[in-house]
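Asks: As you go down the protein sequences, you meet chains C and B in turn. Note that the first sequence covers residues 1 to 315 in the numbering used here. Note that the second sequence covers residues 1 to 304 in the numbering used here.
Among the hints, erroneous ones may be present.
[As the list claims (entries may be wrong)] Keeping only pairs whose Cα atoms sit at most 20 Å apart, straight-line, the calculated EDC-like set for lysine to aspartate or glutamate is: (1) B:Lys235 / C:Glu239; (2) C:Lys225 / B:Glu168; (3) C:Lys98 / C:Glu37; (4) C:Lys247 / C:Asp181; (5) B:Lys235 / C:Glu254.
Treat the hints as calculated values from the structure; they're not laboratory data.
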Amino acid sequence: MNSLTVRRTETRGTIVRDCPGTQHHVCCGYKTIDLIEGCPLSCSYCILRGYLNAPGIGIHWNTTEIIEQIRQAVDREKSHILRFGTGELSDSLALDRKLELNRPIVQFFGEARGPLFELKSKWAYIDHLKSCLNPYTVVSFSLAPQAIVDREERRTSPIRRRLKALGSAQDSGCFVGLHFDPIIIYDGFEKDYRQLIDDIARAIDLTRVIWVSMGLLRFVPGLMKVFIEEGRRNLLHGEFIKGEDGKYRYIKAERIRVYRMLYDLLKEREPRLFCYLCMERADVWHEVSGTEVRESADLIRLFDARIREFFGGSP
Amino acid sequence: MKTIEIAQVDVNDRTYCISYPLEDDLLTSSIARYGVLVPVGLLDRQPPVLVTGFKRMEAARKLGIARVPCVFLDIDERRALLTAINDNLKRRLNTIEKAWCVEKMLFFGFPEEDIYETAKLVGLPARERTLKTVRAMHSMEEGARAFIVKHNLPLAVVEQLLWFDVDEISHIVRLTDPLNVTTSIFREAVQLLALLKVKMGRIDFCQFEGTNDMEALRQALKKATHPLLSRLEEKFERIREACALPPYMSIKVDPVFEKEWIDICVRARTNDEVDRALEKLEALSGRGLLRGILELTHGTPDRN
Numbered sequence: 001m002n003s004l005t006v007r008r009t010e011t012r013g014t015i016v017r018d019c020p021g022t023q024h025h026v027c028c029g030y031k032t033i034d035l036i037e038g039c040p041l042s043c044s045y046c047i048l049r050g051y052l053n054a055p056g057i058g059i060h061w062n063t064t065e066i067i068e069q070i071r072q073a074v075d076r077e078k079s080h081i082l083r084f085g086t087g088e089l090s091d092s093l094a095l096d097r098k099l100e101l102n103r104p105i106v107q108f109f110g111e112a113r114g115p116l117f118e119l120k121s122k123w124a125y126i127d128h129l130k131s132c133l134n135p136y137t138v139v140s141f142s143l144a145p146q147a148i149v150d151r152e153e154r155r156t157s158p159i160r161r162r163l164k165a166l167g168s169a170q171d172s173g174c175f176v177g178l179h180f181d182p183i184i185i186y187d188g189f190e191k192d193y194r195q196l197i198d199d200i201a202r203a204i205d206l207t208r209v210i211w212v213s214m215g216l217l218r219f220v221p222g223l224m225k226v227f228i229e230e231g232r233r234n235l236l237h238g239e240f241i242k243g244e245d246g247k248y249r250y251i252k253a254e255r256i257r258v259y260r261m262l263y264d265l266l267k268e269r270e271p272r273l274f275c276y277l278c279m280e281r282a283d284v285w286h287e288v289s290g291t292e293v294r295e296s297a298d299l300i301r302l303f304d305a306r307i308r309e310f311f312g313g314s315p
Numbered sequence: 001m002k003t004i005e006i007a008q009v010d011v012n013d014r015t016y017c018i019s020y021p022l023e024d025d026l027l028t029s030s031i032a033r034y035g036v037l038v039p040v041g042l043l044d045r046q047p048p049v050l051v052t053g054f055k056r057m058e059a060a061r062k063l064g065i066a067r068v069p070c071v072f073l074d075i076d077e078r079r080a081l082l083t084a085i086n087d088n089l090k091r092r093l094n095t096i097e098k099a100w101c102v103e104k105m106l107f108f109g110f111p112e113e114d115i116y117e118t119a120k121l122v123g124l125p126a127r128e129r130t131l132k133t134v135r136a137m138h139s140m141e142e143g144a145r146a147f148i149v150k151h152n153l154p155l156a157v158v159e160q161l162l163w164f165d166v167d168e169i170s171h172i173v174r175l176t177d178p179l180n181v182t183t184s185i186f187r188e189a190v191q192l193l194a195l196l197k198v199k200m201g202r203i204d205f206c207q208f209e210g211t212n213d214m215e216a217l218r219q220a221l222k223k224a225t226h227p228l229l230s231r232l233e234e235k236f237e238r239i240r241e242a243c244a245l246p247p248y249m250s251i252k253v254d255p256v257f258e259k260e261w262i263d264i265c266v267r268a269r270t271n272d273e274v275d276r277a278l279e280k281l282e283a284l285s286g287r288g289l290l291r292g293i294l295e296l297t298h299g300t301p302d303r304n
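Taking the hints into account, I'd like the entire structure generated from these sequences.
Replies: Structure, rendered in structure tokens:
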């Protein structure tokens with residue numbers, strides 16, 4: 001881990017928010033808890049490089065206040081099952097062994113027995129949380145071929161350790177999530193992803209994976225310059241266009257091809273897997289999965305159905 | 001007023017020179033007619049060091065003038081540099097001159113705060129990146145400097161140019177100098193070239209030689225960096241040609257084939273024209289041409 005400054009940030013206003021989503025793309029209706037702003041893992045492609053302008057890492061310590069904000073959000077929105085996560089502006093676990101910020105939140109969700117709390121990470125250490133993990137906490141890891149981890153996620157845990165941690169979370173009675181995000185198109189990526197999915201299927205029980213997200217690399221225009229300057233050949237290998245939201249993303253025909261490949265590989269392993277696309281257009285959804293997901297409400301309904309399937313009617 | 005023999009001054013000592021280029025036809029004509037009217041500024045050293053008036057000195061030297069009026073300055077080196085910068089602020093500086101102001105202040109060890117103030121004064125962004133760019137510009141060859149001034153390129157574009165090594169910059173200059181360079185299209189072309197370099201590891205400049213305007217160069221670069229998009233554009237053009245639309249009808253798609261819809265535009269003045277347009281559309285639909293375009297916008301161009 002590097003020596004980025006960690007500073008205490010006063011919690012002013014709400015830090016429990018709707019995921020900002022992106023214009024003209026289907027969002028899953030996630031709620032973000034911005035417990036930590038900034039990330040020590042410093043992945044080369046990280047969107048935070050283009051968004052956060054404060055150096056170092058800001059920590060909101062006041063978990064009592066944060067839990068109150070979560071409670072209010074749950075009270076406000078009763079039409080569907082809420083999903084919360086701390087992995088939007090940081091990695092959920094990278095600093096948690098030291099800071100223990102997630103414990104009270106995990107406990108809150110365990111007691112609330114309704115909404116779900118997702119720990120989304122590339123840092124394979126959950127032992128400190130094992131005693132409080134419960135079915136309402138989803139332990140998720142971002143997964144990419146080890147070749148990408150070696151070059152673009154250099155401070156993160158190796159894939160085998162992430163898979164081991166996922167297995168361990170399942171053993172503790174948790175549901176787990178898999179995030180293929182960002183998926184990067186590089187020379188030979190198809191073979192590497194096949195291998196990765198084989199490894200996942202060997203390491204964990206796919207029938208107890210609550211959700212799988214897929215999101216191809218996308219980034220704000222400012223990062224194009226950074227990737228060029230840093231000579232990020234893997235990141236710039238594919239063909240990018242500027243989408244309707246102003247972000248660079250792979251050309252649509254390529255996105256469909258790659259999503260389909262991964263979707264089929266995953267479904268071959270476990271036909272009942274719930275795979276969703278992160279920030280994609282309705283027509284891409286249709287072409288990849290044959291599902292009509294025209295707006296966020298459609299995707300939220302799919303999530304609700306999936307969660308009910310796992311919890312047997314409750315929450 | 002004092003005068004000095006030009007031969008006594010080392011005109012190649014450019015320590016305080018922030019003028020680029022030194023050749024100035026208008027000034028030379030004026031000096032040829034009236035002589036050097038404004039004295040040059042010299043540091044009182046042995047030999048004297050030129051602080052202000054590099055262009056005047058160059059013109060006088062070229063015209064074979066032996067002596068020029070001068071003022072001796074009894075100031076330290078930092079003060080001399082500030083005098084040189086100040087002397088030039090009364091005219092519009094080009095990007096190289098602006099960069100030199102900052103570069104020379106860095107060389108003389110001015111505090112960063114003062115350097116940023118001067119950067120703002122000459123119209124450069126007061127940020128760390130500017131200092132980095134200015135330092136890197138030091139290694140630029142004469143051809144590149146002349147190119148930047150000739151085409152009036154701002155520092156932001158020079159920053160992009162510095163993604164390349166000296167040889168590559170020379171290639172870019174040779175390739176684009178004869179073309180109708182504007183900042184926006186040059187910026188785009190440079191970004192595409194940089195993308196190509198990252199993707200391929202090197203740029204084969206030969207494939208772009210003989211391009212006769214910037215737009216054609218941009219297209220050629222786009223074809224190299226975005227082959228899929230170029231193929232979609234070609235397919236769309238072929239279908240559009242097959243549609244043989246009358247002048248009052250047009251079909252447009254999102255230029256990057258991201259938006260799933262297409263725009264069909266009909267300009268009609270009479271009901272008869274509306275009927276004819278509808279007939280045409282029905283025929284195009286019947287021949288599968290509209291479906292062909294929609295497949296491009298839906299990202300499934302190879303479906304049929």
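Asks: Of the numbered hints stated earlier in the document, which are not met by this structure?
Replies: none
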